[in-house]
Amino acid sequence: MAEENREIEIMQSVYDKNEQVADQINAELTERGIFAVNVMGAPGVGKTSSLIQIIKRLEGITPYVIEGDIEADFDTITLQSMGVKAIQINTGGACHLDSPMIGQAVKDLNIEKGVLFIENIGNLVCPAEFMIGEHVKMLVSTVTEGSDKPYKYPLAFEKADIIVLNKCDLIPYTDFDEEFYMKGVRALNPTAPVIKVSCTTGEGFDEVSKWIKEKANA
Amino acid sequence: MHEYPVTKRIIAVASEFAAKNGIDEVKQINLVVGDYSGYVASSIELYFDIIAEGTPCSGSKLNIMRVKPKLKCSICGELFERKLFSFECPVCGGDGVPTEIGQEFYIKSIEV
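Read top to bottom, the protein sequences are chains A and B. Note that the UniProt record's numbering has the first sequence beginning at 1, numbered continuously upward. Note that the UniProt record's numbering has the second sequence beginning at 1, numbered continuously upward.
Okay, chain B solo, but in the shape it has when bound (with noise of 0.2 Å):
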């Protein structure tokens, strides 16, 4: 429900960018978003086009790289995916704590 909001940072952060190196169209924006940041690409995709509109974004093409959260085993150090209901290290059967991995929410870079 907060995409809206986001996807307007997105360009703003994008055409900022863009004006600082002198560029009038992006043709493309490479944003990562982690599957445990609480963003669904789809919805940001759906409000990407009507923003972009009148911006220096406008027509370029959204990226989404999407990045798989994944678990530490707390005994034996294994980064794996988890499954549903369970914390579980497939290697050993400890339990796995949360990493970084999977709540990334950033824009990676932009194409000229």
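Isolated chain A (complex conformation) (with noise of 0.2 Å):
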């Protein structure tokens, strides 16, 4: 007769070494003055550009970019064009940013005192899952993408701390249904602020400021 196993309890989440890193990461920023927001969202939402709209009204407060693509640089190279402390994460094919990629990041950019935006890789999945140090999670949605989008990919809708729904300077072109939208984001998370923006007119970016900044300042 075959032996009969022993099993030995361990009860260890295998996301443990990311949320450690992450943990490290968010008591450093926090002690160098630094609030840290992780930039969400599906490819082509406008996160560079609602970054942009929301720098543009930080006011006295510095402004600091980690880029994270999985190739090029475009994004960085614009933003350091306007004057903002940015530096680009090629993550070379992996589908998010992880701690450790951040822990280098932000020893490379070595800074002080501001609001640090680290912009995710465009993925409406997978950022979702992983701590990076950040204080807040910024998810980018658009009216172009869907209405059925919270139904669609649950967690980065219940993750989130605000919810930027850009473009809807196009709602009156597309069959965007506000209302079938906004049930699927509250019954995933009833208290984010949802505010509607567009990166093109600017409309909606003084109140997205603003929140950035009271909880910033907090």
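Bear in mind the hints are in silico, worked out from the structure with no lab data behind them. From a predicted model like this one, the values you see are computed outputs, not experimental measurements. Careful: at least some of the hints might be erroneous.
Residues from chain A shown here face chain B by an in silico Cβ test under 10 Å; the list is partial [what the hints assert, rightly or not]:
1. Gln12
2. Val14
3. Pro150
4. Leu188
Just so it is clear, CB atoms sit at the ideal spot from N, CA and C, and this is done for glycine as well.
Could you use the hints to bring the two separately framed chains together as a complex?
Listed below in structure tokens is the structure:
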């Protein structure tokens, strides 16, 4: 007869390493007076364009940006040309940023006092699963993606501390159903503010920037 | 797509625990994976044998216990599995909010 197996209990999250590093980064940033925003959203929703609108309105608060992309550095160059201290992380294929990548980038940036925007890889799935040392998560969502997105990609909506609904100037040209969208968002996330914006017209960004400033100063 | 590093981590944790307990062969790893954890159980299985080679987990069985996500009704408190495109509670029709059930992703135990 085969010997019976003996069970050794472990009960350890597979994310433990990532979470430990994220906690360290968060503590280090807080100590340096940095408020970190993890910017998430699908490709093409206007994450960088939203950051440009927000940064213009930060008045007196120093912005920093870590740009995550699989390849290329167009967004970093755009931000640097505005005088923003920005660095690029190319994941070379990985679909999300994780905390060891950010730990290194934060060291390289050598920053103090201000707001650090960490623009995650364009992806509505994986970034929501990984903490990267942020204080808040900002989700950029759009009317052109369709109003069913909260139902299809619930985790990103659930984890967000603020939802920026971009491309609202295009509502007349789409079949975006705001009621259906908001019903899904509210079921997943009863408290996060949902702010309608347009990077083209700038509408809504005063409110987004005010929310960030209040959180950063709190 | 990040199942590869995650599978590596599972094997590393199991091997660490085996070493701590003076064991050189792990027969089974019991892993709990919620369907909302973002991990595809079959992809973890796909990598497992290759990565486990040469570790105490080589040849061990990977037992994945999957957990179906449940929402909790904000009105009547019922725990339920959601239907597609809906968060509606089957009992009272209220909206369900996400719970931790279905987001699990941990190594429960090893069998030696």
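| said: Could you work out which of the previously given hints the structure breaks and list their numbers from low to high? | reply: Hint check: nothing fails, all pass.
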